[in-house]
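Visitor: Residues per chain are reported as follows:
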Amino acid sequence: MAVPDREREPAPTGDGTRSRRAPRQRAEGPLLQVENLSVDFPTEDGIVHAVRGVSYTLTERGVLGIVGESGSGKSVASMAVMGLLPKSARISGRVLLEGQDVLRMSAPAQRSIRGRRVAMIFQDPMTALNPVYSIGDQLAEAVRSHEAVPKRVALSRAAEMLDLVGIPRPKERLNSYPHEFSGGMRQRVMIAMAIINDPDVIIADEPTTALDVTVQAQILETLVEVKNAVNAAIVLITHDLGVVAGLADHVLVMYAGRAVELGSTREVFTAPRMPYTAGLLGSIPNLDTQGGRLRPIPGAPPSLINLPPGCPFSPRCPLAIDECQRTEPDLYETDLRMHTAACIRWDTMADLPDPRTIFRPTAVVP
Amino acid sequence: MSTTRPPSSPVPAAPVTPADAGPVAAAADRPGTQVEREFTIRAMSSRELITRRFLRHRGALGGMIVFLTTIVLAFSSIGVAGIPGWWGLDYASPATVVEGGRMSLDVMPSFLDGDGLAIGRHPFGQDDIGRDYFALTMRGTQISLMICLLVGLLATLIGVLIGAAAGFYRGKTEAVLMRITDVLITIPLLVIAAVLGANAAGSGPVVLAAMIGLLYWTTLARLVRGEFLSLREKEFVEAARAMGASSGRIIVRHILPNALGTIIVSATLTVAAAIILETSLSFLGLGVQAPDTSLGLLISSYEGAFQTRPWLFYWPALFIVAIALSVNFIGDGLRDAFDPKQTRVRA
Numbered sequence: 003m004a005v006p007d008r009e010r011e012p013a014p015t016g017d018g019t020r021s022r023r024a025p026r027q028r029a030e031g032p033l034l035q036v037e038n039l040s041v042d043f044p045t046e047d048g049i050v051h052a053v054r055g056v057s058y059t060l061t062e063r064g065v066l067g068i069v070g071e072s073g074s075g076k077s078v079a080s081m082a083v084m085g086l087l088p089k090s091a092r093i094s095g096r097v098l099l100e101g102q103d104v105l106r107m108s109a110p111a112q113r114s115i116r117g118r119r120v121a122m123i124f125q126d127p128m129t130a131l132n133p134v135y136s137i138g139d140q141l142a143e144a145v146r147s148h149e150a151v152p153k154r155v156a157l158s159r160a161a162e163m164l165d166l167v168g169i170p171r172p173k174e175r176l177n178s179y180p181h182e183f184s185g186g187m188r189q190r191v192m193i194a195m196a197i198i199n200d201p202d203v204i205i206a207d208e209p210t211t212a213l214d215v216t217v218q219a220q221i222l223e224t225l226v227e228v229k230n231a232v233n234a235a236i237v238l239i240t241h242d243l244g245v246v247a248g249l250a251d252h253v254l255v256m257y258a259g260r261a262v263e264l265g266s267t268r269e270v271f272t273a274p275r276m277p278y279t280a281g282l283l284g285s286i287p288n289l290d291t292q293g294g295r296l297r298p299i300p301g302a303p304p305s306l307i308n309l310p311p312g313c314p315f316s317p318r319c320p321l322a323i324d325e326c327q328r329t330e331p332d333l334y335e336t337d338l339r340m341h342t343a344a345c346i347r348w349d350t351m352a353d354l355p356d357p358r359t360i361f362r363p364t365a366v367v368p
Numbered sequence: 007m008s009t010t011r012p013p014s015s016p017v018p019a020a021p022v023t024p025a026d027a028g029p030v031a032a033a034a035d036r037p038g039t040q041v042e043r044e045f046t047i048r049a050m051s052s053r054e055l056i057t058r059r060f061l062r063h064r065g066a067l068g069g070m071i072v073f074l075t076t077i078v079l080a081f082s083s084i085g086v087a088g089i090p091g092w093w094g095l096d097y098a099s100p101a102t103v104v105e106g107g108r109m110s111l112d113v114m115p116s117f118l119d120g121d122g123l124a125i126g127r128h129p130f131g132q133d134d135i136g137r138d139y140f141a142l143t144m145r146g147t148q149i150s151l152m153i154c155l156l157v158g159l160l161a162t163l164i165g166v167l168i169g170a171a172a173g174f175y176r177g178k179t180e181a182v183l184m185r186i187t188d189v190l191i192t193i194p195l196l197v198i199a200a201v202l203g204a205n206a207a208g209s210g211p212v213v214l215a216a217m218i219g220l221l222y223w224t225t226l227a228r229l230v231r232g233e234f235l236s237l238r239e240k241e242f243v244e245a246a247r248a249m250g251a252s253s254g255r256i257i258v259r260h261i262l263p264n265a266l267g268t269i270i271v272s273a274t275l276t277v278a279a280a281i282i283l284e285t286s287l288s289f290l291g292l293g294v295q296a297p298d299t300s301l302g303l304l305i306s307s308y309e310g311a312f313q314t315r316p317w318l319f320y321w322p323a324l325f326i327v328a329i330a331l332s333v334n335f336i337g338d339g340l341r342d343a344f345d346p347k348q349t350r351v352r353a
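Residue numbers (this note's numbering), protein chains in the order written: chain A, 3 to 368; chain B, 7 to 353.
FYI, nobody ran anything at the bench for these hints, they're computed from the structure.
Everything numeric in this text was worked out from a predicted model, so none of it was measured.
Cβ atoms here follow ideal geometry from the backbone N, Cα and C, with glycine treated the same way.
Honestly, I wouldn't trust all of these hints.
[Claimed, not checked] Selected chain B positions facing chain A (in silico; Cβ < 7 Å):
# : residue
1 : E241
2 : M249
3 : N264
[As the list claims (entries may be wrong)] Listed next, the in silico DSS-like pairs over lysine-lysine satisfying Cα-Cα at most 30 Å (straight line):
# : chain 1 : residue 1 : chain 2 : residue 2
4 : B       : K178      : A       : K173
5 : A       : K173      : B       : K240
6 : A       : K173      : A       : K153
7 : B       : K240      : A       : K153
8 : B       : K178      : B       : K240
9 : A       : K89       : B       : K178
[Said to hold, decoys possible] Short derived list, chain B residues pointing at chain A, Cβ under 7 Å:
#  : residue
10 : F242
11 : A245
12 : G250
13 : P263
14 : G267
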């Protein structure tokens, strides 16, 4: 029970015995649709354009990976979806949850969505659990924030969830405090807390970053099991491409607050159409190649206060041409189906035998 | 001790009877109980845990005993609100001063040049007009206890409310509340209390306590605000918000319990300080008014007699120290008991 069994990973979905609620009668169309989302933060140095016109669509039970380096706006974009940004943030665009715009809802309506229909798993399970409450109390609290149920009922649901995320002897562990749990166990508790209200969307903000590598794999497996058990869709924010490859069916790559590439995981990984994605993929150390140096993308991301005109990646891009500095490219349709890239030279990328090698010093750049 | 041992405890060398065959057999008999449960430790509920930690804290336990004894003694001896106590004399009626008002309590046994254990008619002696000093001290203890607990309660309540609102909401709320606090802090408390006390003189100890309480929350408010400022940025607060908890729920259920340690310690210090403040006010003649009395008033009335009749001084002083100290120890124990990370077993 403690270690999830890989073989029974595709748990029953539609009529899963564990989901307490029959799937909702859903409106037609995508589950979550983010349209042209922008987030600005006024600071003393000027306005930080943290997110600039990001759009994506999350289908029911889909897993969307959002990838990008620190400061690319991936976390801010999802915080905006949750309505968790500080008051100073200026948000524009639309976030449609089953057709309803979350950003234009009243505060109480937003609150009723948080945790109940859109749940969040935080990065650091060491600090995201309240140290003075037992695990059971915290899980029960998550239930009772939304439903007026007796504590006994909430606690039994909590035990059920702990069992689901693979914590042994869940009933007894309800009385344990967070500090009595290891990092991986706490992240399981966080997952249990996210799914306890049977949400439609789970936003996982770097759920494995604070854990060590062996535990990461277990947590990701748990995430998949749990997703299947409660029929939820996942937005997986990470900078770990390995995590995305294993879990997501679509990938959104972000750079300097914008979506620069969007497509199915397989295509983005094998045939990137944006040099930045190619650089990310090329920088992953490979166990098969002996020796050699890591291949980072040279340079640093631009300041989000004073963005240069043109493509924000052009200063670091080996494929950059003069035209790249003139206007910032939109997401172009590429040769691949449902695969868009914000690069005017995507066709050059498509012609390369292995686009992932363009950052190597020996690469012959067209 | 051996006579009170519960029958189920394993007694070495005792013959094992079938009825007493040990937990394994007993567990196996019960349907649905797994035998392996013998090796698991039953998790304690948090209330059990808190009680246990508190009782293990010797200082706290001692403080609790002293505090409760003081309360029982003060209220049962001379009675309260018309209900008579077991001590025959009352604190207000003068009588003839016998033996120069010396205390008749004697704990020195006769072989150590004493009169043997004796309580006598006036164990704590008599004051200038012959009132029984034991009854007076008990009445003073009653009033002082009432005042300090009321002040502690009121000041803590206001301090937590203002500190929590300022620390959590920040912005204008914080600015307004903290400026009010600053203004109150800059004016010496004793001066305000004295002015108010002079106006309200004679309205009784409850009014006095309410007034002190209304002024005494500033330290606590600043402490609580500081705690809230740091706690509101914690990730678990963000997690609670992501869970859909409202601001009120976050304040009360997620942040406040984390600030409880600070609040409890500060509240007990407030209680102890309130006794001192009441003493100072009564000393200045602005606190409790005669014929009623308080511990502070008793001390100030007979400060001149310190050289000649010290018992008039040190009995009330003893009770002040006992109350203040025991409350502080209780607070210390409570703070430790409420901290779930506390695993250290107190010696």
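Visitor: With reference to the structure, classify each hint as holding or not holding.
Guide: Hints, one by one, checked against the model:
1. A least Cβ separation of about 4 Å between E241 of chain B and chain A falls short of the 7 Å threshold, and the interface hint therefore holds.
2. Against a cut-off of 7 Å between C-beta atoms, the interface hint on M249 of chain B holds, since the closest Cβ of chain A lies about 4 Å away.
3. For N264 of chain B, the interface hint holds, since its Cβ comes within 7 Å of a Cβ in chain A; the closest pair sits about 5 Å apart.
4. Taking the CA atoms of K178 of chain B and K173 of chain A, the gap is about 45 Å. The hint is violated against a cut of 30 Å.
5. Between K173 of chain A and K240 of chain B the alpha-carbon distance is near 28 Å, which keeps this suggested pair within the 30 Å criterion.
6. The straight-line distance between the Cα atoms of K173 of chain A and K153 of chain A is roughly 14 Å, inside the 30 Å bound, and the hint therefore holds.
7. This hinted pair checks out: K240 of chain B and K153 of chain A have alpha carbons roughly 26 Å apart, not beyond 30 Å.
8. This hinted pair checks out: K178 of chain B and K240 of chain B have alpha carbons roughly 22 Å apart, not beyond 30 Å.
9. The hinted pair formed by K89 of chain A and K178 of chain B meets the criterion: a straight-line CA distance of about 14 Å does not exceed 30 Å.
10. Hint status for F242 of chain B: holds, given a least beta-carbon distance of 4 Å to chain A, under 7 Å.
11. Because the smallest distance between the Cβ of A245 of chain B and any Cβ of chain A comes to about 4 Å, under 7 Å, the interface hint for this residue holds.
12. For G250 of chain B, the shortest C-beta to C-beta distance to chain A is roughly 3 Å, which falls under 7 Å, so the interface hint holds.
13. Hint on P263 of chain B holds. Least Cβ distance to chain A is approximately 4 Å, under the 7 Å limit.
14. Evaluation of the G267 of chain B hint against chain A yields a violated restraint, the C-beta minimum of about 9 Å exceeding 7 Å.
In the structure shown, a violation is registered for the earlier hints numbered 4 and 14, in ascending order.
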